[in-house]
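End of the sequence shown sits at 426 in this note's numbering; the numbers just go up one at a time, nothing left out.
Certain hints may be false.
Said to hold, decoys possible - Computed list of lysine-lysine pairs in BS3-like fashion (alpha-carbon distance at most 25 Å, straight line): (1) Lys391 with Lys379; (2) Lys391 with Lys372; (3) Lys366 with Lys379; (4) Lys381 with Lys366; (5) Lys394 with Lys381; (6) Lys381 with Lys391; (7) Lys391 with Lys408; (8) Lys374 with Lys363; (9) Lys408 with Lys394.
To be verified - Ranges of calculated distance between the beta carbons of each label pair, as one might list FRET restraints: (10) Phe414 with Lys375: 38 to 46 Å; (11) Glu382 with Ile342: 50 to 58 Å; (12) Val350 with Glu382: 40 to 48 Å.
Derived from the structure by calculation, the hints contain no laboratory data. For glycine and all other residues, C-beta sits at the position ideal for the given N, C-alpha and C.
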Amino acid sequence: MKILKKIIAVFFTPFRFFLSLGIAVFLWLSVFGDQGILQLERLKNIKNELQLKEKKLEAKVKELEEEQIILKDPKNLEMVIRTELGFTKPGEVIFQKEKPSEVQALK
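Please work from the sequences and hints to get the whole structure.
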């Protein structure tokens, strides 16, 4: 029993106890704290996801800017208006082909 008390007295001094406790707290906070390793990994993943979204959005913006340039061209604008909206120039006559099913329905 006396030997055990001597071992405890030598190895578990208050200084060593508080030093060990301090190191344990430091390690705990380094891994699990607000600025710990786990939080750092989560933030890196979020950063990578946001960078990927940013690249996709930049590509979409570039695509829309190119489309805007094309639509500002008067010839392309006229083509879009004619094909999608069915507009004609004054004096222009449009001939439409009828589908066979429509011809049968009219008879």
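How the hints compare with the structure:
Under the criterion of a C-alpha separation no larger than 25 Å, the hint pairing lysine 391 with lysine 379 is consistent with the structure, at around 18 Å. With a CA separation close to 28 Å, the supplied pair lysine 391 and lysine 372 exceeds the 25 Å bound. With a CA separation close to 20 Å, the supplied pair lysine 366 and lysine 379 stays within the 25 Å bound. At roughly 22 Å between alpha-carbon atoms, lysine 381 and lysine 366 fall within 25 Å of each other, so this suggested pair holds.
At roughly 22 Å between alpha-carbon atoms, lysine 394 and lysine 381 fall within 25 Å of each other, so this suggested pair holds. Straight-line distance between C-alpha atoms of lysine 381 and lysine 391 comes to about 15 Å, which keeps the hinted pair within the 25 Å bound. Between lysine 391 and lysine 408 the alpha-carbon distance is near 19 Å, which keeps this suggested pair within the 25 Å criterion. In summary, the hint linking lysine 374 to lysine 363 is supported, as the alpha carbons are separated by about 17 Å, within the 25 Å threshold.
The suggested pairing of lysine 408 with lysine 394 holds, with an alpha-carbon distance near 14 Å, which does not exceed 25 Å. In this structure the hint that phenylalanine 414 and lysine 375 lie 38 to 46 Å apart at CB holds, the actual value being about 45 Å. Distance hint check: the CB atoms of glutamate 382 and isoleucine 342 are about 55 Å apart, consistent with the given range 50 to 58 Å. Checked against the hint of 40 to 48 Å, the pair valine 350 and glutamate 382 passes, with Cβ atoms roughly 44 Å apart.
Hint check: a violation occurs at hint 2 only; the rest are consistent with the structure.
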